[in-house]
Amino acid sequence: MTLHLRAATPRPSTLDPEARTIEAIVSTGADAPRAGFVERLDLRGVDLSRLIGAPVLDAHRAASTRDQLGVVEAAELRPEGLWVRMRFRSNDAAQAVLADIGDGTLRGLSIGYSVAEWKDMRDGNRRIRTATRWTPLEVSIVPVPADSGAHFRNGEMEMPQTQQDAGHAPAAGVVLTRAEINAEIRTIAETAGLTRSWADAQIDAEATAEDARAAAFEAMRTRSAQTAPRTSRASITFDHTDPAVVVQRAGEALFARSHPEHALSEAARPYAHMTTVDLARDCLHRSGLSCTGLASEGIITRALHTTSDFPLILGDAVGRELRTAYSAAPAGIFQLARQTTVRDFRAKNAIQFGGQPDLEKVNESGEFKHGTFEESAESYSIATFGKIFAISRQALVNDNLGAFTSVPARLGASARAFEAAQLVAKLTANPVMSDGVAVFHADHKNLSAEAIINATSLATARIAMRRQTGLTSELVAVTPRFVVVPPELELAAERMLTEIQAATVAEVNPFSNLSLVVEPRLTNAAQWYVAADPASIDGLEYAYLEGAPGPQIESKAGFEVDGVQIKVRLDFGCGWIDHRGWHRVG
Numbered sequence: 016m017t018l019h020l021r022a023a024t025p026r027p028s029t030l031d032p033e034a035r036t037i038e039a040i041v042s043t044g045a046d047a048p049r050a051g052f053v054e055r056l057d058l059r060g061v062d063l064s065r066l067i068g069a070p071v072l073d074a075h076r077a078a079s080t081r082d083q084l085g086v087v088e089a090a091e092l093r094p095e096g097l098w099v100r101m102r103f104r105s106n107d108a109a110q111a112v113l114a115d116i117g118d119g120t121l122r123g124l125s126i127g128y129s130v131a132e133w134k135d136m137r138d139g140n141r142r143i144r145t146a147t148r149w150t151p152l153e154v155s156i157v158p159v160p161a162d163s164g165a166h167f168r169n170g171e172m173e174m175p176q177t178q179q180d181a182g183h184a185p186a187a188g189v190v191l192t193r194a195e196i197n198a199e200i201r202t203i204a205e206t207a208g209l210t211r212s213w214a215d216a217q218i219d220a221e222a223t224a225e226d227a228r229a230a231a232f233e234a235m236r237t238r239s240a241q242t243a244p245r246t247s248r249a250s251i252t253f254d255h256t257d258p259a260v261v262v263q264r265a266g267e268a269l270f271a272r273s274h275p276e277h278a279l280s281e282a283a284r285p286y287a288h289m290t291t292v293d294l295a296r297d298c299l300h301r302s303g304l305s306c307t308g309l310a311s312e313g314i315i316t317r318a319l320h321t322t323s324d325f326p327l328i329l330g331d332a333v334g335r336e337l338r339t340a341y342s343a344a345p346a347g348i349f350q351l352a353r354q355t356t357v358r359d360f361r362a363k364n365a366i367q368f369g370g371q372p373d374l375e376k377v378n379e380s381g382e383f384k385h386g387t388f389e390e391s392a393e394s395y396s397i398a399t400f401g402k403i404f405a406i407s408r409q410a411l412v413n414d415n416l417g418a419f420t421s422v423p424a425r426l427g428a429s430a431r432a433f434e435a436a437q438l439v440a441k442l443t444a445n446p447v448m449s450d451g452v453a454v455f456h457a458d459h460k461n462l463s464a465e466a467i468i469n470a471t472s473l474a475t476a477r478i479a480m481r482r483q484t485g486l487t488s489e490l491v492a493v494t495p496r497f498v499v500v501p502p503e504l505e506l507a508a509e510r511m512l513t514e515i516q517a518a519t520v521a522e523v524n525p526f527s528n529l530s531l532v533v534e535p536r537l538t539n540a541a542q543w544y545v546a547a548d549p550a551s552i553d554g555l556e557y558a559y560l561e562g563a564p565g566p567q568i569e570s571k572a573g574f575e576v577d578g579v580q581i582k583v584r585l586d587f588g589c590g591w592i593d594h595r596g597w598h599r600v601g
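Each residue of the sequence shown is one higher than the last, beginning at 16 in my numbering.
Simulated from the structure, these hints should not be mistaken for lab results. Just to be clear, a hint being listed does not mean it is correct.
[Said to hold, decoys possible] What follows is a list of derived Cβ distance ranges for each label pair:
id, residue 1, residue 2, range
1, Asp359, Ala550, 43 to 51 Å
2, Thr321, Gly139, 19 to 27 Å
3, Ala541, Ala398, 30 to 38 Å
4, Thr339, Asp359, 39 to 47 Å
5, Arg301, Thr339, 40 to 48 Å
6, Ala550, Ala507, 50 to 58 Å
7, Ala457, Ser280, 21 to 29 Å
8, Ile143, Ser421, 41 to 49 Å
9, Ser488, Ala550, 40 to 48 Å
10, Asn415, Ala466, 50 to 58 Å
11, Ala344, Glu91, 13 to 21 Å
12, Ala457, Asn415, 31 to 39 Å
C-beta atoms are modelled at their ideal positions from N, C-alpha and C, and glycine is treated no differently.
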């Protein structure tokens, strides 16, 4: 009696290492639980026009070319599901992934897609949303797949091979008995999910094993038009209809309407030129709500109060406008201070180490001596600042783009000006440091009496900075980088710092390498400053809350105010860390 075994080979046999290609089933159209509904993919409605030539990505990441592992060379719909042939890149990263796939240690697959048409229905208490027209955009290799039906292929027929025990394998040319053929046919039927009656019909017709395989493949093609069982599968997709993704893309498109110079991303193009009413209607449609019979005012009102996407889209557009104005503000005082972040609102303690113990000779069999450092600490903390403003329902109905540009732009510029004012206040207040001495003081050797900007005063400041010493009197040797003046001294400073075409060595301007910073918030015309590059030595410092640099935006549908309310929040603080990088004159 012949012993039949089922081989479950984890290594895909369709891998061609020389051509760097492999075949896979990337989707079976399985159910995916979403918030409030179950999502399905109808494989009959798939559009493969963009899949051929689409990228093969590393876990849906597409931030740079390093994330692309290869390209999809071919794609078609087969009875098993959506079939593709992928070619991997020749770089080391892609080849490492391909090697892991080849040895069976990496098997996860996923697709990213966009949906053009949905069909809604209910199955008992479950709401089912079926994507009836959808387009795959990319294929990803992932470590943890959710769909057991997505896999790298092991040959033309995706079923376990039936092998005979090596001790009883027939020699080449030996004809199988009818009983062996019948057993093979029943195995084919079981693997293909066909009924016992189908197998009986093949046996009664005395079909060969090869004929039965061909018939099984054809039966699977016919069955593909029917809904396949999905109870044990979950979809592995990157949802391009995810509300967070839609908010980002629609917000960019709304921002681009008031900024024609903005290069709209490919992902945001479907939302280009959509009015606020169009965006509200789209939010309602994606939420499964009807807009039939609603006027513009009704669509706006319903979108504000029944969906979370619409206020977020408006907030995203406002945030882009605010950040644009915030970033466009003049650098000024910010060139002179170091930016950092803090984890919370407690006082930030900046520890400074002083002293550079000299290395000492160690004799044969001698011991190494311990060195010590002197310490000092300065501290400051951040605080929260903010404002709430509203965009009225009337402005939304009228598609008034000014509501999304003028107010946010002013707030963005105002936030930057507020930060600059805080830094200048720290500069002019001359606070007392942890050593009990003011920042600018004769004891700190960073204060000169001469207020006129000339070669003598600049040279005096430069010498004083280069002779600065640390906590244990070690030489710091600070290099001046900026000259900071109020507007009244701008002309005199320009004359002193302008580089001239010298005819002789005596005419060379020794201060032309210094950069001029004019700060209009400095009101004392008898005081000016020389500062080092903040990247080279501590001095004035400003901080944001970790993960929230600059002004942050939150939005929600208004209740007291009919429209959408947008809150601007800024977590900011500044303070002195060290006096050695600055010198005040006057």
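- prompt: Cβ-Cβ distance between Asn415 and Ala466: within 50 to 58 Å?
  reply: Hint holds: Cβ distance 52 Å, inside 50 to 58 Å.
Verify the CB-CB distance for Ala457 and Ser280 against the hinted window 21 to 29 Å. violated (57 Å)
* Using the C-beta atoms of Ala541 and Ala398, is the stated range 30 to 38 Å upheld? -> holds (32 Å)
When you take the CB atoms of Thr321 and Gly139, is the distance between them in 19 to 27 Å? holds (24 Å)
Is 40 to 48 Å right for how far apart the beta carbons of Arg301 and Thr339 are?
Hint violated: Cβ distance 28 Å, outside 40 to 48 Å.
Tell me if the beta carbons of Asp359 and Ala550 are separated by a distance inside 43 to 51 Å. For Ala550 against Asp359, whose Cβ atoms are near 26 Å apart, the range 43 to 51 Å is violated.
Query - Verdict for Ala344, Glu91 (Cβ pair) under range 13 to 21 Å - result: Check failed, 55 Å falls outside 13 to 21 Å.
- Task: Starting from the hint 41 to 49 Å, judge whether the C-beta atoms of Ile143 and Ser421 obey it.
- Result: holds (45 Å)
Beta-carbon spacing of Ala457 to Asn415 - inside the hinted bounds 31 to 39 Å or not: violated (59 Å)
| Thr339 versus Asp359 beta-carbon gap, inside 39 to 47 Å or not | violated (29 Å)
| Should the hint that Ser488 and Ala550 are 40 to 48 Å apart at their CB atoms be regarded as holding? | Distance hint for Ser488, Ala550 is violated at roughly 25 Å.
Check your understanding: Is it true that Ala550 and Ala507 lie within 50 to 58 Å of each other by Cβ?
Key -> Distance hint for Ala550, Ala507 is violated at roughly 28 Å.
Violation of the numbered hints given earlier is confined to hints 1, 4, 5, 6, 7, 9, 11, 12; the remaining hints are satisfied by the structure.
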